[in-house]
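Protein chains in written order, with the numbering used here: chain A, 1 to 265; chain B, 1 to 265.
Treat the hints with care, since some could be wrong.
Copies of the same chain look alike in the list, so a pair counts if it works inside one copy or between any two.
Derived DSS-like pairs: lysine-lysine, alpha-carbon spacing no greater than 30 angstroms straight-line [as the list claims (entries may be wrong)]:
hint	residue 1	residue 2
1	K122	K67
2	K231	K128
3	K163	K72
4	K249	K71
5	K71	K128
6	K72	K249
7	K249	K65
8	K72	K231
9	K48	K124
10	K71	K231
11	K231	K65
Hints listed in this document are in silico derivations from the structure and should not be mistaken for laboratory results.
Number of protein chains: 2
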Amino acid sequence: MENQVEGFLVSQFTQEGRRSVEETVAKEFPVTIVLNNQAIVTLLCSPKNLDCLTVGYLSSEGLLKSKDEIKKIMVDEQRGVVQLDTVAAQEIAQDFPFKWIITSGGGRGASFYSAADAASQKVKFETKTSPDEVFALVNEFQHGSEVYLATHGIHSAALADCKRILMFSEDIGRHNAIDKIFGKCLLENIPTNGKVLITSGRISSEILHKAAKKGIPIIVSISVPTNLGVKIATDLDITLIGSVKGSRKMNVYANDWRVINGKHV
Amino acid sequence: MENQVEGFLVSQFTQEGRRSVEETVAKEFPVTIVLNNQAIVTLLCSPKNLDCLTVGYLSSEGLLKSKDEIKKIMVDEQRGVVQLDTVAAQEIAQDFPFKWIITSGGGRGASFYSAADAASQKVKFETKTSPDEVFALVNEFQHGSEVYLATHGIHSAALADCKRILMFSEDIGRHNAIDKIFGKCLLENIPTNGKVLITSGRISSEILHKAAKKGIPIIVSISVPTNLGVKIATDLDITLIGSVKGSRKMNVYANDWRVINGKHV
Numbered sequence: 001m002e003n004q005v006e007g008f009l010v011s012q013f014t015q016e017g018r019r020s021v022e023e024t025v026a027k028e029f030p031v032t033i034v035l036n037n038q039a040i041v042t043l044l045c046s047p048k049n050l051d052c053l054t055v056g057y058l059s060s061e062g063l064l065k066s067k068d069e070i071k072k073i074m075v076d077e078q079r080g081v082v083q084l085d086t087v088a089a090q091e092i093a094q095d096f097p098f099k100w101i102i103t104s105g106g107g108r109g110a111s112f113y114s115a116a117d118a119a120s121q122k123v124k125f126e127t128k129t130s131p132d133e134v135f136a137l138v139n140e141f142q143h144g145s146e147v148y149l150a151t152h153g154i155h156s157a158a159l160a161d162c163k164r165i166l167m168f169s170e171d172i173g174r175h176n177a178i179d180k181i182f183g184k185c186l187l188e189n190i191p192t193n194g195k196v197l198i199t200s201g202r203i204s205s206e207i208l209h210k211a212a213k214k215g216i217p218i219i220v221s222i223s224v225p226t227n228l229g230v231k232i233a234t235d236l237d238i239t240l241i242g243s244v245k246g247s248r249k250m251n252v253y254a255n256d257w258r259v260i261n262g263k264h265v
Numbered sequence: 001m002e003n004q005v006e007g008f009l010v011s012q013f014t015q016e017g018r019r020s021v022e023e024t025v026a027k028e029f030p031v032t033i034v035l036n037n038q039a040i041v042t043l044l045c046s047p048k049n050l051d052c053l054t055v056g057y058l059s060s061e062g063l064l065k066s067k068d069e070i071k072k073i074m075v076d077e078q079r080g081v082v083q084l085d086t087v088a089a090q091e092i093a094q095d096f097p098f099k100w101i102i103t104s105g106g107g108r109g110a111s112f113y114s115a116a117d118a119a120s121q122k123v124k125f126e127t128k129t130s131p132d133e134v135f136a137l138v139n140e141f142q143h144g145s146e147v148y149l150a151t152h153g154i155h156s157a158a159l160a161d162c163k164r165i166l167m168f169s170e171d172i173g174r175h176n177a178i179d180k181i182f183g184k185c186l187l188e189n190i191p192t193n194g195k196v197l198i199t200s201g202r203i204s205s206e207i208l209h210k211a212a213k214k215g216i217p218i219i220v221s222i223s224v225p226t227n228l229g230v231k232i233a234t235d236l237d238i239t240l241i242g243s244v245k246g247s248r249k250m251n252v253y254a255n256d257w258r259v260i261n262g263k264h265v
């Protein structure tokens with residue numbers, strides 16, 4: 001299991017105050033699948049059984065039917081690349097209906113799988129918050145979702161200042177819910193700089209890049225981050241708050257200097 | 001909210017026996033984003049604020065910077081297509097590092113967003129199960145995930161016959177966890193036909209197509225399905241069991257004829 005998780009020292013806030021604890025989060029690892037020298041997709045995944053993942057992915061996409069078709073599988077865990085060569089090494093037809101293709105993903109290395117992400121800038125805003133404010137926002141957030149209350153099958157996102165929620169969205173996809181918020185802001189000329197982003201979903205690397213581009217200094221999640229989420233938040237000067245449970249507990253995984261008013265215990 | 005949810009009559013099994021109840025699930029809707037006449041991506045989303053979703057997606061991908069660049073947005077809810085034209089209608093550079101491109105998604109209509117999915121066949125296997133078997137499998141499943149127990153930030157999947165779990169996998173992505181199972185089966189010549197697939201994640205349309213290709217007649221989820229998940233399960237003769245809570249409750253959303261031994265109440 002060691003390979004799949006990573007421990008981080010976080011600032012945990014409870015009713016008793018603030019303390020440092022070690023929390024374990026799941027690893028997130030970008031893997032590019034290369035079929036007969038053609039990069040097919042970059043998957044964000046857990047770094048285990050990458051050969052099975054590759055074969056299963058290609059099989060699900062109809063690009064591989066049986067084991068007999070496989071000539072060679074090379075897993076490069078260092079670079080995050082799995083190359084699979086088939087016996088009949090024909091090119092994939094130009095009109096094959098790929099779901100996702102990364103046209104330039106192959107040689108890009110593991111840290112950034114999109115040039116847009118590589119361009120992410122540190123977030124400068126000095127917006128501060130406190131555990132009481134976060135608990136109040138999350139309470140408002142969790143009562144905002146009609147569809148969640150009806151179905152338990154939806155993600156939500158919100159934009160807030162430290163005092164109140166300004167905008168709320170829902171979607172079956174955690175990325176979509178956040179994109180709907182940023183899209184509305186762009187359409188209605190509402191500034192996102194210095195605001196708080198709240199999400200019901202897991203915080204993976206992509207969410208951090210998305211938020212950094214919009215100048216979001218504080219992300220709050222009811223769920224947990226991945227290890228890459230914590231690292232990128234740290235690098236981009238984003239305060240990453242996760243595992244918010246009612247008004248009982250929250251963890252600050254990165255840049256806790258924006259969280260004030262919590263007395264040390 | 002009506003537009004975002006759909007009610008289904010499900011067979012609910014509890015300690016008291018079996019009864020029909022209406023359950024509400026979230027709608028899942030494929031939307032293809034077309035930027036200056038070029039299909040960029042098909043997103044599976046909730047059918048609301050599709051203009052915000054499109055603008056937010058393009059903005060997150062670095063393809064749109066400000067409202068001033070937008071010439072026109074046309075949302076076609078019927079076909080599931082959003083067209084956005086920019087003022088400067090230049091082509092996107094060939095070497096732009098798209099994350100996901102659908103090369104032939106634009107004209108495909110809403111029901112199937114991949115030709116591989118359109119080819120899914122009905123699952124013929126008459127495998128039967130019972131609530132007691134499902135509760136026992138889920139109990140075993142939920143104790144199988146070391147990483148989940150450590151992090152609460154991971155999905156798991158398993159292949160089972162009706163008596164026991166044959167194979168278990170974990171990944172931060174719900175699709176990846178299932179692909180790892182199917183990949184291992186392919187590599188080790190383990191038949192999937194007639195087996196049970198168990199997942200911690202939401203059951204969306206893609207999971208059904210993936211399972212149908214592998215001849216899986218019964219899918220069990222701790223989470224809930226989307227409306228498209230229920231519809232496709234019904235069409236593909238897959239028994240869809242969701243919302244399994246301990247040994248207290250489970251809902252059969254489609255093809256309950258494979259679930260026996262539940263007395264009516």
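Evaluation of the provided hints:
no.: 1; hint: K122 - K67; in the structure: between (46 angstroms within a copy, 24 angstroms between copies)
no.: 2; hint: K231 - K128; in the structure: within (20 angstroms within a copy, 47 angstroms between copies)
no.: 3; hint: K163 - K72; in the structure: neither (57 angstroms within a copy, 35 angstroms between copies)
no.: 4; hint: K249 - K71; in the structure: neither (52 angstroms within a copy, 47 angstroms between copies)
no.: 5; hint: K71 - K128; in the structure: neither (56 angstroms within a copy, 38 angstroms between copies)
no.: 6; hint: K72 - K249; in the structure: neither (49 angstroms within a copy, 46 angstroms between copies)
no.: 7; hint: K249 - K65; in the structure: neither (49 angstroms within a copy, 37 angstroms between copies)
no.: 8; hint: K72 - K231; in the structure: neither (34 angstroms within a copy, 39 angstroms between copies)
no.: 9; hint: K48 - K124; in the structure: neither (36 angstroms within a copy, 33 angstroms between copies)
no.: 10; hint: K71 - K231; in the structure: neither (37 angstroms within a copy, 38 angstroms between copies)
no.: 11; hint: K231 - K65; in the structure: between (38 angstroms within a copy, 26 angstroms between copies)
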